[in-house]
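Given chain L, work out where chains D and C should sit, using these hints.
Residue numbers (this note's numbering), protein chains in the order written: chain L, 5 to 329; chain D, 16 to 308; chain C, 40 to 613.
Everything labelled a hint here was simulated from the structure, so no lab data went into it.
Where hints are given, some of them may not hold.
To be verified - Derived pair list, reagent style DSSO-like, types lysine-lysine, alpha-carbon separation capped at 27 Å:
no., chain 1, residue 1, chain 2, residue 2
1, C, LYS204, L, LYS73
2, C, LYS594, L, LYS68
3, C, LYS520, C, LYS500
4, C, LYS263, C, LYS233
5, C, LYS559, L, LYS91
6, L, LYS187, C, LYS122
7, L, LYS68, C, LYS162
8, L, LYS234, L, LYS133
Please read all numbers here as calculations on a predicted model, not as lab measurements.
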Amino acid sequence: MADTAKSLVPSQTEVDRRHPRRRRGLGALIASQHQLLVMSVPFVLIVILFSYVPLWGWIMAFQKYTLGKGIMHSPFVGLDNFKLLFKDEQFYHVLRNTLVMGVLNLVVSFVGAIALALLLNEVRARFFKRTIQTITYIPHFVSWVVIANIVTQLLSPDGGTLNQILVQLGILNDPYYFMSNPKLFWLIHTIANLWKEVGWNTIIYLAILGGLNPEHYEAAEVDGASRWAKMRYISIPGLMPTAVLLLIISVGWIIQSGYESQFLLGNAMTIDYSEVLDLYALRYSQQLGDYSYGVAISMFKSVVSVLMVLGVNYLARRTNQSRLL
Amino acid sequence: MNRTRGDYAFNTLNYAFLTLLGFATVFPFLNLLAISLNDTLDTMRGGIYLLPRKWTLLNYEIIFRENGLLMAGVRSVIRTVLGTVLGLFCTTLLAYALSRKEFFLRKQLNAVLVLTMYINGGLIPTYLLIRNLHLMNHFAVYILPLLISVYNVIIMRSYFEQLPDGIIESAKIDGASDYQVLFRIVLQISLPVLSTIALFIAVMHWNSWFDNYLYASRNQNLSLLQYTLQKVLIQSANEIVSDNGHANIQAIRNNPESIRAAITMVVTLPILFVYPFLQKYFVKGITIGAMKE
Amino acid sequence: MTMVKRKYGFALGTSMVLLAGLAAGCSGSNNEGAAPSASTSESAPASGSASASAAPSQDLSPITYTINTSDDKLTWDSPITKKLTEKTGVSLKYDLTVGDQFQKWDLWLASNDYPDIISLDPKYTQKYKDAGAIIPLGDLIDQYGPHIKEKFGKYYNLLKDKDGKIYALYNVNASQEASPDATGSFIIQQDVLKEAGYPQVKTLDQLYELIKAYKEKHPKVDGKETIGFAAAMLSYTMNISFNNPIVSSNGWPDNGNFKVEDNGDVNYIPVTEDAKSYYKFLNKLYREGLFDKEAFSMDSIQAKISQGRVLAAYAPGWFLGDSEKALRAAGKPGSTYAHLPIYANENVEDHSNAMTPTAGGGLSWTISAGAKNPERIIQFIDYLFSDEGQVLTQWGIEGEDYNVEGGKRVVAEGLLAQRNADPDVDYKRGFKSTGTGGAPWFGIGNGAKLADGDYATPLTKDSVVQTYDDTTKETLAAYGKQVWADFLPQVNFVPGYLWQLTPPESVKVQQQKIDDAWRKNLPKIVMSKSDTEFEGAWTTMVNSIQKSGLDDMNKAYTQLWADFNATYESTIGG
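Next up, chain L with everything else stripped away, as it sits in the complex (with noise of 0.2 Å):
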């Protein structure tokens, strides 16, 4: 009983449990389960509330909202907003930086706190993985202002770290202006982030792996398994549908890249390459003060997230990962 109650094996043997369904009425099924119901219906009405109700908002989308006037005698304009939206070249450029590096942060955090935790569980001192678990993830803590100021003097062509190093060992000549380079930029960024949440989201797959079957473990030692072997046969599978269900969530979140980073480390000579579609609804709407502008930008990204979503849902389940929806 013990055994089973800790062991994880996924449970593929989804046999059809839909049997009350059709054979008694609703009434019953309510009946049935009320517990169920109690626990789950009020919580998600508290997220309507919250989340669904504000959407009103969107009608401001269509409209030329001005505060004063508010939603009710503001003028409506139809798709003026959204058009203009498509027809500037440079939200296309910014739509372009905004996706590939969500795709690059999404990718290489996902594969970096994976691998992190995978090697902390191979660690055998506990002491020395608290402390290092604790350690890495000191970082997220941080804010974007303190880790770009960080990053910026590492790479300054002013007496930087890196510069000195690299000039000290003959490898460049002269000091590298990185921050100046629009293609080193994407790297810059990439790095950066990593660097200050991998420790944070190792959290969720050591907790993962945390609650696999130690007898698993002993099991394949005793068969000899390799370190290689029992990572590939036991932590990975374990750790899979997690990490599958949160890939789903974030491929949702490329588009809304907030731009905190991207602004603090970038400048003018990388704009072309830093700014992504955030600063620009931040910089064309808010600051121009049209929010209709910014409310149609808003549901553009509600749209595509969703449809991204969707659409790797669809994949996950034709390849019969785990799901979100």
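Same frame as chain L, now just chains D and C:
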């Protein structure tokens, strides 16, 4: 245990790599610590790495001199504890219900929840909603809107779904209710993930200051630590550029960089200790659970 | 990036205050302020009748109004503010906005929930007015604001909005001269000047020779490379480092990114020939290794300044922050700066030391439609504008903050000592207020005089000299000057600055694109390695800016400026 040479090499490399990574990631923290302990004016000259050049505790003094800081800290702790306990409880209930394959609303509710991760009505409608619910300047505004984080629900749901059906089924056949199944069986074997979700919720509550700024700024009795420190920071930044119009011979003002560093320290240190604490607590729970069986 | 506009406005506002101080003057025509030289307070006939009408009828029952501020340290629990309550019955309760106040203003408007007195900038004053959230003040001022009218004098009509009504109150400049703490904005290390024997530095070419020679002799400072000329380009600092020096070095009044031609045409500065020659100067510095290598990814020059490595730069005092103080604390007073005006060439006529009659364009006080007894607020403001109120808010309380010696007000020694010991003393005494324009509590300007013939504020040449260290005094003495302000040309009176006006709605998108094109192309220009490359990069930028709607924008601003001047002439005339 038979240790091969490969094993040995791997271990050495692994330890070396992790140690290096540890250094790389602890650097910003130590750097901030050094800056926070360095003389405010001297910091402007740059070049502080791991050790302060001119030691001082003045930056911390300035922070702790701020009126109401202690109370703000207490409120932040209360908010975090309350928010985490309630949040974890509700998340667990919801995640369990959604993990039950026989639940007839499972798919629909799940879809409704998942969508909310990607849609956003915007600041103004949300603000008006909070106002209409009379949550403005009320402690509940810290708890209620953040009660359910869908992301956490999904992670937990997925974890529950992977638990073997056998024990739940047999318990149900024995006549256990869903509550009993959840609290007596499921939670007992989900401690690692519970502690992780608890950490996520706690960090979210601890770090959030936007709701304080947006919805509770007019009630001084609701000021949280983050918001209060934000005030200190903005204040010290203001000073640098606002000294005009008056014949004042300025006393030494503080450079925000050192203040910011000290603030980061004050804000980060408590939360850094939460996870090891949670881990310890939950790991103990696991061992006790294992011994019982 | 959202900060750009806002910070920029603020930056200019601050530099305006520093450069121009506060003044009232004649109607911006070319005749140097000789005309009716009497300050408004003296010339206004109203003062007698004003005090007569204000005192007896006033309701002094206690009443509290809320007002928004972003300044956490403001308190009503101070001697001066208590005195204000005693005199008017009014207390203010500060509604603190920490963080993005523009966002807060939006949300307040959307939810009809704002303080009684709302401190807003001109753009938001318009928004609030359009929504009917603030009330017109003209009638109330007619009835309860004699001192307001008196201090504004002939400039009273400038307070009026396009619809002829007054919605916002800010301070008026009644001074005839530049504030003694004003300075030129080019800075040169005093050691550089000393070593060269304190030469006259008038032009950018002279500046170049000077820093070149010095860097050759001193290639390193404390083991790090000497930086000949520093600048910063991130976010709003771009305008400080790459627009404003063009304005100053050509002696124009500060109209933000625009140059107003003699014929009234308004042109975007970054594409003018004047801009080109300034960028040429920067390019020359860059090619010789005298320009900061990473200027294009910096948002401040303070760190490098504090290291004592920067020989020269364009930096208004506030842009330096505490960095000069850091240098002094590190025992390097010689690395602090001379603050001088420097010109593009010998022939520049300097009109940059300009003053406007009012402090429009910054924050101002508006009264919300929900405020009870708005006349009490006007009475309160009126008291602040009265001579008694001015003395109370600018000088403080007699016997505590100042003494009268030989008929003149003198700051008390005790207050001076306190200021050295406690940076917050001005808050604790109650000298600080919020959102009244350039000076706290609607002050009428350093150098302005009240009806009693004495100065309205304590800031004088002597008080400024007191703040200097020996090195600074030595440098100034070598040039035969007393304060940095002595290097500035005569004050020029202008009706207003272009940046004080609400930007034309019709071209805001173009303007954004144009600014983007400028920002994006400029690094290549400054960093070009040859003259051909420079010309190529320059042409690319000009083309890109022209394509983004340059002509439309210039036209819209020309119109805006013409309209403003027409209104100005007609209101001051009538």
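Q. When you check the alpha-carbon spacing of LYS520(C) and LYS500(C), does it fall within 27 Å?
A. Judged against 27 Å, a Cα distance of about 11 Å means the pair holds.
Q: Could you grab the alpha-carbon distance between LYS559(C) and LYS91(L) and see if it respects the 27 Å cut-off?
A: Holds: LYS559(C) and LYS91(L) sit about 21 Å apart, inside 27 Å.
Q. Straight-line Cα separation of LYS187(L) and LYS122(C) no greater than 27 Å?
A. It is violated: about 63 Å lies between the C-alpha atoms, which goes past 27 Å.
(Q) Check the hint pairing LYS68(L) with LYS162(C) against an upper bound of 27 Å on the C-alpha distance. (A) Holds. LYS68(L) to LYS162(C) sits at ~18 Å (cutoff 27 Å).
Q.
Hinted pair, alpha-carbon criterion (27 Å max): LYS263(C), LYS233(C). Please report holds or violated.
A. 22 Å, holds
Q. Straight-line Cα separation of LYS204(C) and LYS73(L) no greater than 27 Å?
A. 21 Å, holds
(Q) Would the hint linking LYS594(C) and LYS68(L) be met if the CA-CA limit is 27 Å? (A) 25 Å, holds
Q. Is LYS234(L) within 27 Å of LYS133(L), Cα to Cα?
A. Holds - the C-alpha atoms of LYS133(L) and LYS234(L) are around 19 Å apart, at most 27 Å.
Checked against the numbered hints given earlier, the structure breaks only hint 6 and satisfies all the rest.
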